[in-house]
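First residue of the sequence shown: 1, per our numbering; consecutive thereafter.
Pairs of lysine-lysine residues, derived as PhoX-like cross-links and limited to a Cα-Cα distance of at most 25 Å, are as follows:
| id | residue 1 | residue 2 |
| --- | --- | --- |
| 1 | Lys144 | Lys75 |
| 2 | Lys142 | Lys154 |
| 3 | Lys154 | Lys144 |
The hints are simulated quantities; they were obtained by calculation from the structure and are not laboratory data.
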Amino acid sequence: MSEQTPPQLPPTTALSTDNGLRVSTENWFEYPIRVQPHHTDYEGVVWHGTYITWMEEARVECLRSMGINYADLVKMGCVLPVVELSLRYHSSLKLGEEGIVKTRMDEIAGVKINWDYKIQSPDAQQLYVSGRVTLVAIDAAKGKIMRQLPPEVKEVLIKLTR
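Make a model of the complete structure from these sequences and hints.
Below, the structure written as structure tokens:
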């Protein structure tokens, strides 16, 4: 019985860029959060991985607010896994505190889609986390990186910039 090596994604720098589609959104989508006990460590401080979960929720809700159901993208045969993630922790949120996750699509460059994030206090006086996520379009049937976004997917994502 031979073991199969799981498919590996090339570094995003190896991806070809479709220079015909460079768009970004200027407005931030806001997603309110409140720190619950299950978000924290034993000291009541938000566990670092929780911020990533909130970022994902905000991105999916941003798409939904534009009438784009993430499940519909998957049905089109295009999945968008995270291939790069960069976070900077500025200050900690604590149990019971509220915050706002702000997200916007920064750029679509070929099959790469970049999203920016800020998690801050509701009055915008305290920045907790800033970050960036890069997604890459994968052909669900083939399990390989697409050479370009399918026209239907491009059309859906461009809605974010209008």
